[in-house]
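Asks: Since the structure of chain A is provided, determine the placement of chain B on it from the hints.
Chain by chain, the residues:
Protein chains: 2
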Amino acid sequence: MQIQFWSIGKKNEPYVDEGVALFTKRISHYYKVDWKIIPTSKNAAVLTSEDLKVDEGKIINNLLHKEDYLILLDERGKNLHSEDLANLIQQRTNDSTKQIIFLIGGAYGVSNDVLTRANFKWSLSNLVFPHQLVRLILAEQVYRACTINKNEKYHHQ
Amino acid sequence: MQIQFWSIGKKNEPYVDEGVALFTKRISHYYKVDWKIIPTSKNAAVLTSEDLKVDEGKIINNLLHKEDYLILLDERGKNLHSEDLANLIQQRTNDSTKQIIFLIGGAYGVSNDVLTRANFKWSLSNLVFPHQLVRLILAEQVYRACTINKNEKYHHQ
Chain A
12 MQIQFWSIGK KNEPYVDEGV ALFTKRISHY YKVDWKIIPT SKNAAVLTSE
62 DLKVDEGKII NNLLHKEDYL ILLDERGKNL HSEDLANLIQ QRTNDSTKQI
112 IFLIGGAYGV SNDVLTRANF KWSLSNLVFP HQLVRLILAE QVYRACTINK
162 NEKYHHQ
Chain B
12 MQIQFWSIGK KNEPYVDEGV ALFTKRISHY YKVDWKIIPT SKNAAVLTSE
62 DLKVDEGKII NNLLHKEDYL ILLDERGKNL HSEDLANLIQ QRTNDSTKQI
112 IFLIGGAYGV SNDVLTRANF KWSLSNLVFP HQLVRLILAE QVYRACTINK
162 NEKYHHQ
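So the protein sequences, as listed, match chains A and B. Each residue of the first sequence is one higher than the last, beginning at 12 in my numbering. Each residue of the second sequence is one higher than the last, beginning at 12 in my numbering.
Chain A on its own, in the form it takes in the complex (with noise of 0.2 angstroms):
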């Protein structure tokens, strides 16, 4: 199976590029993986907020391949423990999915043909993160599930 992680804007900032290289790099001992950033569109300025995320929508649509199984951060998710994301990845494994793909969407959210694509939708916290840092967390916890699956003694809890 693999890992893919896309994200809609910048490329990482500074702050998060060494612990998204670090975690991503780990991952990469369970998985093939790999990143996606999808620019902003380049009429981010002159476009409505909903007519970004169609726009922004429709360019994750062309990437998307049907049989693959996409998990979209959002707020509005469900909210995981580490032992349950563990467990979908695992469940993904089981069944022979050929890719998993993490979104995370644009500064106003994914349009509605996304959200409804979607296979799951996960809320990280009820707190809100800046997009580059939610990367960060991303790949700690997909590690972190990574290392639960194989009963290694990262995650201690």
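Treat the hints as calculated values from the structure; they're not laboratory data. A hint or two may mislead.
All copies of an identical chain are treated as equivalent in the list; a pair is satisfied when it fits inside any one copy or across any two copies.
[Stated by the list, open to error] Listed below are the simulated PhoX-like cross-link pairs for lysine-lysine, each with C-alpha atoms no more than 25 angstroms apart in a straight line:
(1) K89 - K132
(2) K164 - K22
(3) K132 - K43
(4) K47 - K89
(5) K22 - K69
Fair warning: this is a prediction, and the values are worked out from it, not measured in the lab.
Replies: Just chain B, lined up with the frame of chain A:
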């Protein structure tokens, strides 16, 4: 009012250091702010986790002043929305609290004495984060709270 962040353990790892410094500097535009890294007990290797917590608890209690408002980061604590944290900080500012201390405990948590002393127990998320990453998340959330209380545009949700 002064805001202090206390954390038991090692100095910042490189992957969080820049972000912690970034958000701490931003907080300094609103409140006097400082970090105190309390080293793990030198006897950690030969102590049970319970004795280690008691040892660290004594150090913490010696550092605390009676009037300090202690917020303990604890997974059994209350989940907050970013706006709730902003309210909490604003209330303490209004009632002339001299010092808020945010405490990240040791590897095994904190002693019962410290648990009892805490004025508030706060769980960031149902997810388990490494304590290093908690430092970064905490600094960002306290900065966010400052901007919420001043109606600044950083927090736009």
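Asks: List in ascending order the numbers of the hints, as given earlier, that are violated by the structure.
Replies: Violated hints: none at all, because every hint is consistent with the structure.
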